[in-house]
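Note that the protein sequences, when read in sequence, are chains A and B. The opening residue of the first sequence carries number 1 in the numbering used here; numbering runs sequentially from there. The opening residue of the second sequence carries number 1 in the numbering used here; numbering runs sequentially from there.
Each hint should be verified, as a subset may be incorrect.
[As the list claims (entries may be wrong)] If you want the footprint, here are the derived chain B segments under chain A, 3+ residues with CB under 8 Å:
| id | segment |
| --- | --- |
| 1 | 119-130 |
| 2 | 140-151 |
| 3 | 155-163 |
[What the hints assert, rightly or not] Think about it this way: if two alpha-carbon atoms lie no more than 20 Å apart in a straight line, the pair counts; the simulated EDC-like pairs of lysine to aspartate or glutamate are:
| id | chain 1 | residue 1 | chain 2 | residue 2 |
| --- | --- | --- | --- | --- |
| 4 | A | K297 | A | D270 |
| 5 | B | K130 | A | D281 |
| 6 | B | K130 | A | E238 |
| 7 | B | K130 | A | D50 |
| 8 | A | K253 | A | D270 |
| 9 | A | K208 | A | D270 |
| 10 | A | K297 | A | E316 |
| 11 | B | K139 | B | E63 |
| 12 | A | K103 | A | D50 |
[Said to hold, decoys possible] Not close to chain B: a few residues of chain A, all C-beta gaps over 10 Å, as computed:
| id | residue |
| --- | --- |
| 13 | M73 |
| 14 | F128 |
| 15 | M142 |
| 16 | A192 |
| 17 | D319 |
| 18 | G327 |
| 19 | R340 |
Bear in mind the hints are in silico, worked out from the structure with no lab data behind them. Here the structure is a predicted model, which is why all the values come from computation and not from measurement. Glycine included, each C-beta is placed from N, C-alpha and C at the ideal position.
Listed below are the residues making up each chain.
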Amino acid sequence: MTFKKLLAVLLVLVAVPAQAALEITVSGGDVAPLPIALVQFQPTPEVPLDVAQVVENDLVRSGRFKALPRGAMPQTPVAPQQVVTDGWKAAGIDNLVIGQLGKSADGYYARFFLIDTVSGQQLLSHQFSVKSVAQMRTVAHMIADMIYEKLLGIPGYFNTKIAYVAASGYGPARNFQLIVSDSDGEAPRVLATSREPILSPAWAPDRKQLAFVGYNRGRSAVMVYTLATGQVRTLVSEPGLNSSPAWSPDGSKIAVSLSFENNPDIYVIDVASNKRRRLTDHYGIDTEPAWSPDGSKLVFTSDRGGRPQIYEMGAEGGDPRRVTFEGSQNARASYSPDGRSLALVNTDGGRWRIALLDLASGGLKILSDGPQDEGPQFAPGGAVIIYATQGRAGGAELATVSVDGRIRTRLRQAADIKEPAWSPVVR
Amino acid sequence: MTKNFIIAGALVAALAVAGCSGKKNVKPAAPAAEPYGQSTTPYGSEGYGSGAPAQIGGPSAQETAERALSNNIVYFEYDSTVINSEGESVIDRYASYLQGNPTARVRLEGHADERGTPEYNLGLGERRAKAVEASLLAKGVSANQLSLLSYGEERPAVPGHDEASWAQNRRVQIIRQ
Chain A
1 MTFKKLLAVL
11 LVLVAVPAQA
21 ALEITVSGGD
31 VAPLPIALVQ
41 FQPTPEVPLD
51 VAQVVENDLV
61 RSGRFKALPR
71 GAMPQTPVAP
81 QQVVTDGWKA
91 AGIDNLVIGQ
101 LGKSADGYYA
111 RFFLIDTVSG
121 QQLLSHQFSV
131 KSVAQMRTVA
141 HMIADMIYEK
151 LLGIPGYFNT
161 KIAYVAASGY
171 GPARNFQLIV
181 SDSDGEAPRV
191 LATSREPILS
201 PAWAPDRKQL
211 AFVGYNRGRS
221 AVMVYTLATG
231 QVRTLVSEPG
241 LNSSPAWSPD
251 GSKIAVSLSF
261 ENNPDIYVID
271 VASNKRRRLT
281 DHYGIDTEPA
291 WSPDGSKLVF
301 TSDRGGRPQI
311 YEMGAEGGDP
321 RRVTFEGSQN
331 ARASYSPDGR
341 SLALVNTDGG
351 RWRIALLDLA
361 SGGLKILSDG
371 PQDEGPQFAP
381 GGAVIIYATQ
391 GRAGGAELAT
401 VSVDGRIRTR
411 LRQAADIKEP
421 AWSPVVR
Chain B
1 MTKNFIIAGA
11 LVAALAVAGC
21 SGKKNVKPAA
31 PAAEPYGQST
41 TPYGSEGYGS
51 GAPAQIGGPS
61 AQETAERALS
71 NNIVYFEYDS
81 TVINSEGESV
91 IDRYASYLQG
101 NPTARVRLEG
111 HADERGTPEY
121 NLGLGERRAK
131 AVEASLLAKG
141 VSANQLSLLS
151 YGEERPAVPG
161 HDEASWAQNR
171 RVQIIRQ
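Next comes chain B alone, as it looks inside the complex (with noise of 0.2 Å):
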């Protein structure tokens, strides 16, 4: 289901944040992980270490960025605009890079199901991305960074006639612009 992906990306950004420091992504050929200059292996003798080149540090902070911002997707309960904690999270990422990069901007797209008149659904499209944007803005957010956009029931993320369907199109898309 896709609110285990949720919850999965939300860990590997988690613990990429988490292994900046560098200890759980380096791969060392020689003990890198101790402080320069004392490493058991005298520099120069015996060549150089087997396997793989050494990764020095965890990703790029632009890396652990993008990855942060990998996962820009919203969900909502049938008929609602009710923020639950994943979605939370995802709004809590966006909103630490937009504050930290004031000319980025995004557009905030809202979605329903197939339920209910393709019109109404616009509406309510447009009011689950207005939620996004008052989270958004709540938490220190510009206003001029942001723009909304509802395409209602017309562009679902699956096809299906089912609630498993349902659930995934029912949500709002955060795209950078």
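Isolated chain A (complex conformation) (with noise of 0.2 Å):
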């Protein structure tokens, strides 16, 4: 399916109450949003959150809901028995999501209902309880995932943390910021902050920990942060590049790129014994390692061939195989959750766009426009792809198109972001 089959664009302007204002395009006639209301949850006064918004807020964004305003709405009902289905039903509204918050023994609670009008049935009934009132925003994007996943049949990614770096200034001003957020962009904590760039972060599998390239004492280096702590260590830091860490899916090594052995080359780290094995040796520039969900397999870039193209090796070394023919360039891959596909970033000497590689066929399919977009990574799921690309204002904007690339969504945020990534989900 390629954009040029698309018969009709609809563009949705959606006002989120927030920073951040948001833009959602939704081509093709035959994909509509599913309409859903969700009703204001009952609320306690110890619990200042809109817990049911930020539900809203979440599931309109991924351009797969459309939600009845409150204003609308034919009752408030809090409980199930309240509910009189036929104003909904009248409404168009054949999903609607109800609930309770309150003050328990130990800590506070949400209780929510996700009810089909049609048939009156509960499809989903679940409470959730927390100790502090602080995690209520994180309930809020379980439950949004429930329901999601509930209506679509696929996983949600709601209840994910963005790591990026924003950078500001220009010349000795130049100052970067590692910036961990909510995946709505919500909550930003500022983990480091440096004169010096800071690039690529990258999540541990369990979420504990952000490896990322910083620059210190007129070297590179790759360091691992730890969020419970907020200890930094240098994981290594030899003369030359040290960059581009990615984590094993178990999350017991990293690979990078390092060039003090001539030039970069792709070597795995074991993130306990700090041992370092060498995997490419070639005079070209080797960067960008990605595992396979399964840790089988690595794909890297390589201008071997003269430009940037991919190359896919097992994780132990072996000779590698071009997996990109079309466009001048293609690079930072990464696979989907299933293996199957790598998101990447293709150019034909004018544009860079966001690309999806059929691994089996080699089938390439542009995603996005350009002019400048980098850093696609599938959300946890593998049905979205976020990256980040050049707003209007010329500065950076997150981004996600879905893999059948009807659906994009554009997060205006006022920083220049960079190099966004998408935490695992942790059930």
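Reconstruct the complex from the two isolated chains, following the hints.
And the structure:
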């Protein structure tokens, strides 16, 4: 399926209560967003968060749902027995979400129900208990994930974090920040700042650590940040490039690109022992390693053939095979959760776009327009790819595109965002 | 355009070196260019010359050397590590300086424009720094006076997403340490 086959383009501008403004493009006549209504949960004074609103924002932001405005609701039930289905059906709503917030003996709870108004059945019924009010935002994202998966049949990706680098200023005033936020951009937390560049944040599979590239005393280094303690340790800092960290799926190893033995090659470092193994040995630039979901293979970018292309090899090393042949350059590949395709950056010499490669067939599908799109990564669940794109004002913005290319969203941010990294979902 | 600045800088440096003999930079109150003792104004008569004090000789060797080193950027074409003639003259001056000062050290900082991925551009920046290193070594500089660092596309000289900006960002900066 390519963009050329799309019949109609529908542009929907949604105002979201928060600093971020949202733009959603839904293309294709048969992909209509699913109507849903989320009634404000019965509030309690101890919980200031409008949980239902956070859930609604997540679902609408995915481009797959259209929410009934609160002003148009026929009633505001907070318990299943209060629901009168006729009014909702008349409003065109088949899926209704209601709930309650409250204080419990040792914390707080959020209870919600997903009700099918046609049959009157409860599709979902669940209660979350938390110790602190601050955890309610996470609960909201978990509720959104449950509803998304129940109604669409694919895993949600809202209870995830995004790690990214924000750069500002030029020359000696240039400043870099490593930031982690919720998947909706809320609750940003600055983990590290530097006058020198920070690049390539990479989540450990257990979400407890972040690897990244930093500079110290005239050298680059791959560093590891531990979220619970704020501690930073240097994994490797040889002369030359120390770059492009990628955690193995079991968290025991980090693949990197090091150039201290002449030019950038792929190495694998054992995290516990710091022992290092060299996997490639070629005079080209080998960089941007990424692990397959089962840990048995690596893809990486190499210009050994003249220009950057994607190569795949066994995780123990061995002869790499080239996998990209379209366009003039291909780079920064990462595997889908099912291991069958790669998200990558492709150019034909002009624009840099996000593309999807089917590994079995070799077929390449262009998913975005550029001109400077980069850092593509599958969201957990594999239905959506997040990436950084050049915004209208020139700075970078986060964007998503569904793997079939039909649904695109852009989340406009104030900072110049580079290299977003979505965390794994921890269930 | 920046390239004009490089040429102008090279000319100024060349003139500074040429002017060492004194002629161009001297503003005599009396004709000081003539040999001592043959001045047309008798010593002691009719007061001192008017105007600013005479500047004897050109800039100091120190100043000249500084001026020669003030242009410390080598620029590159897109996707290229080829050093052009302007770049070679920047490198020539640093080669002279380093050979004349065996304890002096420089860091070669390589950069790329924003096109392409950040990690690949780290590699490209390093390639450019290595090209400058090779040129310096070929001119007789000791390896232990040189260190390399690549910043890829992370420290652009100028903002902007057009060819003019990109051209200024594709560079190696020679930083004295």
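Here is what the structure says about each hint:
Judged by the Cβ-Cβ criterion of 8 Å, the segment 119-130 of chain B is covered by chain A as claimed, because 7 of its residues qualify and three suffice. Proximity of the segment 140-151 of chain B to chain A, defined as three or more residues with a beta carbon under 8 Å from a beta carbon of that chain, is established by the 5 residues found. With 6 residues bearing a CB less than 8 Å from a CB of chain A, the segment 155-163 of chain B meets the requirement of three and the coverage assertion stands. As the CA atoms of K297 (chain A) and D270 (chain A) are separated by approximately 16 Å, the hinted pair is consistent with the 20 Å bound.
With a C-alpha separation of about 18 Å, the suggested pairing of K130 (chain B) with D281 (chain A) holds against the 20 Å cut-off. Taking the CA atoms of K130 (chain B) and E238 (chain A), the gap is near 16 Å; set against the 20 Å cutoff, the hint holds. This hinted pair does not check out: K130 (chain B) and D50 (chain A) have alpha carbons roughly 57 Å apart, beyond 20 Å. Simply put, K253 (chain A) and D270 (chain A) have alpha-carbon atoms about 5 Å apart, close enough for the 20 Å limit, and the pair holds.
Between the alpha carbons of K208 (chain A) and D270 (chain A) the distance comes to roughly 17 Å, so the proposed pair stays at or under 20 Å and holds. Note on K297 (chain A) and E316 (chain A): the hinted pairing holds, with a Cα-Cα distance of about 8 Å set against a maximum of 20 Å. Between K139 (chain B) and E63 (chain B), the direct Cα distance comes to roughly 23 Å. Violation of the 20 Å bound is thereby established for this hinted pair. Between the alpha carbons of K103 (chain A) and D50 (chain A) the distance comes to roughly 15 Å, so the proposed pair stays at or under 20 Å and holds.
Non-interface status of M73 (chain A) relative to chain B is upheld: no Cβ of that chain comes within 10 Å, the nearest being about 45 Å off. No beta-carbon of chain B is positioned within 10 Å of the beta-carbon of F128 (chain A); the least distance is around 39 Å. Remark: the non-interface label on M142 (chain A) is consistent with the geometry, its nearest Cβ contact in chain B lying 33 Å away (cut-off 10 Å). With a least CB separation of 15 Å from chain B, A192 (chain A) remains clear of the 10 Å interface cut-off, as annotated.
For D319 (chain A), the requirement that its beta carbon stay farther than 10 Å from each beta carbon of chain B is met, with the minimum near 21 Å. No Cβ of chain B approaches the Cβ of G327 (chain A) within 10 Å, the least distance being about 13 Å, so the stated non-interface status holds. With a closest Cβ-Cβ approach of about 23 Å to chain B, R340 (chain A) is found to remain outside the 10 Å limit, as its non-interface label requires.
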